[in-house]
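Top line first, the protein sequences correspond to chains A and B.
Using my numbering, read the first sequence as starting at 1 and increasing by one per residue.
Using my numbering, read the second sequence as starting at 1001 and increasing by one per residue.
Hints are supplied without guarantee of correctness; some may be wrong.
Said to hold, decoys possible - Rough simulated footprint, nothing fancy, chain B against chain A, three-plus residues with beta-carbon under 8 Å:
| no. | segment |
| --- | --- |
| 1 | 94-105 |
| 2 | 131-141 |
| 3 | 181-191 |
What the hints assert, rightly or not - Quick list of the computed label-pair ranges, beta carbon to beta carbon:
| no. | chain 1 | residue 1 | chain 2 | residue 2 | range |
| --- | --- | --- | --- | --- | --- |
| 4 | B | Gly1122 | A | Arg136 | 40 to 46 Å |
| 5 | A | Glu116 | B | Lys1124 | 53 to 59 Å |
| 6 | A | Pro183 | B | Gly1030 | 25 to 31 Å |
| 7 | A | Gly269 | B | Glu1050 | 47 to 53 Å |
Read the hints as simulated data drawn from the structure, not as lab findings.
Virtual Cβ for every residue (Gly too), placed ideally from N, Cα, C.
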Amino acid sequence: MSSPDLAAPLGTTGPGSAAAGAGAVTPHEPGRLEAHLRERREAGFKLVVPYITGGLGDDWIDTLRAVAAAGADAIEVGIPFSDPVMDGPTIQEASQRSLESGTTPLSILDSLRRVEVEVPIAVMTYYNIVARAGHRRMASELAEAGVSGAILPDLPVDESAPWTAAADEAGVETVLLAAPTTPDERLRLICGRSRGFLYAVGLLGVTGERSELADSALTIARRCKAATDVPVLVGVGVSNAEQARAVCQVADGVVVGSALVRRLLDGAGPEGAAAFVAELRAGVDEA
Amino acid sequence: MSIEKTHDGEPSGAGASGLMGAPGPSGRFGEFGGRFVPESLVPACIGLEEAFADAWADPEYRARLDGLLASYAGRPTPVTECSRLSERLGVRVLLKREDLAHTGSHKINNVLGQALLAERMGKKRLIAETGAGQHGVASATAAALLGLDCVVYMGEVDVERQALNVFRMRLLGAEVRPVSSGSRTLKDAVNDALRDWVASVETTHYCLGSVMGPHPYPYMVRQFQRVVGDEALGQCRALLGGRDPDVVVACIGGGSNAAGTFAGFVDTAAALVGVEAAGGAALGNGLPGVVHGMRSQFLQDEMGQVLEAHSISAGLDYPGIGPEHAYLAAIGRASYHAVDDGEVLQAFQLLARTEGIIPALEPAHAVAWLVRAAASGQLAAGSTALLTMSGRGDKDVEQVMEMLA
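Here chain A stands alone, though its shape is the one from the complex (with noise of 0.2 Å):
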């Protein structure tokens, strides 16, 4: 396990530094995210990152680690926002439900603050939460709660730069999303500037589960692992095991969401989260 103290600072390589170069990535120091990934990657393990919403009953720190004991590399927070229009029906109702409660970031960034996880946590919010609350505070508040990452699906890398001077200088990682209709030379720069890993989305939809996986998942897997050597996570319509284990043929792991989030609506609780995590782990062990 690699220890906080790694979260180095990411000041020294600059939003804007990026963009020269057709197929250059960026040299970055790795913060804590980016390097336990490529650790774990080094070591010969897929990765697997499940996404929980943040607040999501009374037990959802329990939830978060039970399924960090059960095989998760990485866990990534939802903090819910109004109008999710990345997400499909599933987090939706996670997130609404989260919000009825009385959920705010605060009170998740609070929660995470007193908890010890034993793997770096990101967490995955739209951009006007981050908006509202100002750059600099929230990309502090985040590495304060001893958050290693950030996603925001809203937030192209064309917009990005107020938010990632921020977020680099607080030392908090900012996972950008390739999709399967983004260009190649876009690509490329998406993944000079991601940190932390690089969000491969695997299909052209929200998040959801999905029967069988796409082929675009592999498609875009392919690309982008062409394009980068920051760990490439497919996640949107990565649904089970056997899904996993084919997306991780190509990607060097898997964000799987929605499947887990329906589990936790529907009673698994942290017991039952973990049961299905752990079933991603072997599945991907496999791979």
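With chain A held as given, fit chain B onto it using these hints.
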């Protein structure tokens, strides 16, 4: 018309004031605007920006659009002098009659432009969001005209209160998908249209109905709507012996009829006034934020959760406002005011009784402001006002009947 340079170095096409030209590749109006969408949609927005620029500069495309606006939509719409209302208010009132356009509102101007653009881009399917149903009806109409598939997202609350428009859309061959998430109104219809587009972007054009959303929509929709203001400018000058009106007023949800109207008058000395619903006053009560692809002003709590808008009018039940309006407000070129449901109901009846024109509830907001401003002296006696009558009231008659019962 002089060509000004924007900070992006592109020709803006703006007139003497330098305002309401092209925003440049970053899609910014001052600090507002931009393109805050999931990565899946960024290439489509860039493609749309290029396709629009190309089409707008193409005389053949413009001729086809102008031809449809004239022979199909009924343009130019007239400007009507309101003698009895003017006498009542002590202010000379002119109405730009978008209520007389085909489908009953200004929305047709924008959808004809976008549907032709979709055809040009080889996209066979349109999706649209709608609040009151006017943009949905217009989209369904344009889709029928050009033989395109059309899906309209509409909040369940609006499906309920605008049943007639729902039937109209279905009659025109569109599929209406009720939206049950969130506040179940316009905001949520936009969310679901965006979610559809994230999945369907390769075959589908999102026919956004107002001057909102990611770049190039706020600019493109304003350009499609500027026909309202450009026509009205000439019509007013003809009526007023070469003078311009003292004040130009329009209602605002997202702000497309106001943007189109203001574009015609921004280089004149006319005061520009936007009227929001009191329960949806993004400029009056909102905070800066980034929602639905744009940086603008939104009703939201201190943590950034978007709040529900509430008004008598489904078309104004939107917690945000187009970014160019946020900019015009910030620099003081336009002023924005809010009126409440009670004032709107009064104005709705007043216009019907004095002029024989039943307005939609949306432009009844603009009428309500005029009544208030004339009474308070904010509008000097004897001044002249142009008001954009953005739509006709047929769709609202049943709702108003229940409210007045």
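Cross-check of the supplied hints:
1. 94-105: The restraint on the segment 94-105 of chain A holds, since 4 of its residues have a Cβ under 8 Å from chain B and three suffice.
2. 131-141: Satisfied; 3 residues make the cut.
3. 181-191: Coverage by chain B holds for the segment 181-191 of chain A (5 residues, Cβ < 8 Å).
4. B:Gly1122 x A:Arg136: 40 to 46 Å: Since the Cβ atoms of B:Gly1122 and A:Arg136 sit about 45 Å apart, the hinted range of 40 to 46 Å holds.
5. A:Glu116 x B:Lys1124: 53 to 59 Å: Cβ of A:Glu116 to Cβ of B:Lys1124: about 54 Å, so the range 53 to 59 Å holds.
6. A:Pro183 x B:Gly1030: 25 to 31 Å: Check passed, 30 Å falls within 25 to 31 Å.
7. A:Gly269 x B:Glu1050: 47 to 53 Å: 51 Å, holds
Comparing the model with each earlier hint shows no violations; every hint is respected.
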